[in-house]
Structures are given as structure tokens and as C-alpha cells.
Amino acid sequence: MALSLKETFYISHGSPMLAIDDSIEIRKVLKSWKNIFPQTPSAILIISAHWDTRVPSVNIVERNDTIHDFYGFPKPLYQIKYPAPGAPQLARKVRDLLQKSGFSAVEEDRRRGLDHGAWVPLMLMYPEASIPVCQLSVQSHKDGSHHYNMGKALSSLKDEGVLIIGSGSAVHNLRELVRDGSTGVFPWAQEFDDWLKTTLLQRRYDDINHWDKKAPQPKKAHPSPEHFYPLHVAIGAAGGNPTAKVVHSNIEMGCLSYSSYQFNEVPGSCSS
-6 MALSLKETFY
4 ISHGSPMLAI
14 DDSIEIRKVL
24 KSWKNIFPQT
34 PSAILIISAH
44 WDTRVPSVNI
54 VERNDTIHDF
64 YGFPKPLYQI
74 KYPAPGAPQL
84 ARKVRDLLQK
94 SGFSAVEEDR
104 RRGLDHGAWV
114 PLMLMYPEAS
124 IPVCQLSVQS
134 HKDGSHHYNM
144 GKALSSLKDE
154 GVLIIGSGSA
164 VHNLRELVRD
174 GSTGVFPWAQ
184 EFDDWLKTTL
194 LQRRYDDINH
204 WDKKAPQPKK
214 AHPSPEHFYP
224 LHVAIGAAGG
234 NPTAKVVHSN
244 IEMGCLSYSS
254 YQFNEVPGSC
264 SS
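This note's numbering numbers the first residue of the sequence shown as -6 and each following residue consecutively.
For the record, the hints were derived by calculation from the structure and aren't laboratory data.
It is possible that some hints are incorrect.
Listed below are the simulated DMTMM-like cross-link pairs for lysine to aspartate or glutamate, each with C-alpha atoms no more than 20 Å apart in a straight line [claimed, not checked]:
hint, residue 1, residue 2
1, 74, 62
2, 24, 0
3, 238, 0
4, 86, 187
5, 190, 245
6, 135, 200
7, 190, 0
8, 190, 100
9, 93, 184
10, 27, 121
11, 213, 184
12, 74, 100
13, 206, 136
14, 213, 153
15, 74, 136
16, 86, 152
17, 135, 184
18, 238, 184
19, 68, 55
20, 238, 173
21, 86, 55
22, 238, 199
23, 74, 15
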């Protein structure tokens, strides 16, 4: 029987170049993941910003294909394969838990593999590609509370040794990226990243759920919210009023934040 887990995570995966570029700081953290988090999960549920659907959807496959859902990057990126086994039993359990919690429409995708928001961090964290992986979509037309409640519905999966990871970027505005290294961090990006850190560490999760009204310049930090909502799922899945811990923090290309967090359930606490 798998040991239960207490932690969930939000990983900022940033650029697909994370897969091959050693200059990206968080790459070192992810490559040493098994030293930080030595317990081998029974399966992984990953919520990626790059699967955005009308209703919550899970992929039910026996073996995950590697989706190269990006353009104009170096050829070696397109040659990477991460053939992790699928987790169909977990996918069905995710579907059932969501439906029992009021998400009446949950769709099953029997073809989709792992997009780069899933396989890029996972290939660094678990390079053997031996742990079964299920992916869950986000709904960018919904709000933070919707995604928090999705996570809350899935929190019991940790008791079965399932590692729940939200994968996005803490600040994500591709229109403002500076790719030639000619600038530091934009003040508005730093302000949002600092607000996020302070708010998480103070466990002000209602403010996180209503980030579009509480955070400084939310539309500048996230012109569309799909890279932020995996955070809400990770928080909800931690259970109750979890503690937050910084796993990594830095901003590159002016406004691409790699800030990442760990959430630990607090026994006996109540949900926000």
C-alpha cells in the first residue's frame, strides 16, 4: 500500500527551454527533486496550463505520448520523448471525485498525452519516466474559486500516494518578454510576484482565489489566467488551510516568473 503524501506543489515551468537550458535556475532544483522529495509517489496527477478546456477533462491512456506544443524552438527540443505510463485508474477516480463534488460535466480524452507543461518539469524530476501520469485540464473562462474547489475535491488522492502538481508560471505575459537579456525585472512583475509570495506565506487563500481583484496589476501579470489556475488546484488539493513554502523564486526575461511553492496540509484545519 502506498504511503500517504502531505504535500502538493505548484511549479512554474516557464519556457520549454527549461528542458535543455542549464542557465535556467529552476532546472537545478527540479533535477535534484528526489533529494528534496525522496518518497516515490504511486502516481502523478499534473494540472497543466497548456490544456485548457470547456469543462474539467482527464486523459485516460495506457501510455502517454509526448506533445511538442510549441513553435520556433531549437530542434533538440522536438526530439525529446517522455513516455511515462498513463494512469487510467487514477483518471477515472479523478473524474468520479469531481463529479461527486458537483462538477457534473467531466470529460475523458482517450488520445491526449502530456503537453510541455507536464513533460518538461517531469522529465527533470523523474527522468526514468516510470511513474504513471494523469493530466487534468484547466478552464480559463472560470475563476480561481472554481479551480480551488477542483483541487479540494481531489485532496483525498494524497492518501493513496498520488503526487499532485500544478504546472504554470507565477507571472506570465508573453507579449512583454525581453528575450535579449537587455533588461532586468519589470517593476510590475516583481510587485505581483512579491504579492503572491506574501499572500501565500500568510495563508490568505481567499485573496488568492480572488486574485483578479486583490493582486496588483493582475491583467498585466496574467493577460489570460491559464498559467495561474494550476496554483489554485494545488492549494485546494493540499486540504484545509495549508502552509506554504517557497521551493524556488526568480524572474527571467523581464516578467517570466519561475516562483514555485509547496503546500502542506495542516491537520484539523478548516477550508477557507
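These are the hints, each one checked on the structure:
1. 74 to 62: holds, 13 Å
2. 24 to 0: The hint holds at about 18 Å.
3. 238 to 0: holds, 10 Å
4. 86 to 187: With Cα atoms ~36 Å apart, residue 86 and residue 187 exceed 20 Å; violated.
5. 190 to 245: holds, 17 Å
6. 135 to 200: It holds: about 16 Å lies between the C-alpha atoms, which stays within 20 Å.
7. 190 to 0: The hint holds at about 18 Å.
8. 190 to 100: At roughly 33 Å apart (the allowed maximum being 20 Å), residue 100 and residue 190 break the hint.
9. 93 to 184: violated, 39 Å
10. 27 to 121: Judged against 20 Å, a Cα distance of about 12 Å means the pair holds.
11. 213 to 184: Holds, at roughly 11 Å.
12. 74 to 100: Roughly 26 Å separates the two Cα atoms, so the pair is violated.
13. 206 to 136: Roughly 11 Å separates the two Cα atoms, so the pair holds.
14. 213 to 153: Violated, at about 39 Å.
15. 74 to 136: It is violated: about 33 Å lies between the C-alpha atoms, which goes past 20 Å.
16. 86 to 152: holds, 13 Å
17. 135 to 184: violated, 24 Å
18. 238 to 184: Distance of about 19 Å is within 20 Å: holds.
19. 68 to 55: violated, 28 Å
20. 238 to 173: Not satisfied, since the Cα-Cα distance of roughly 32 Å exceeds 20 Å.
21. 86 to 55: Status holds; Cα separation ~15 Å.
22. 238 to 199: Within the cut-off at roughly 18 Å; holds.
23. 74 to 15: holds, 19 Å
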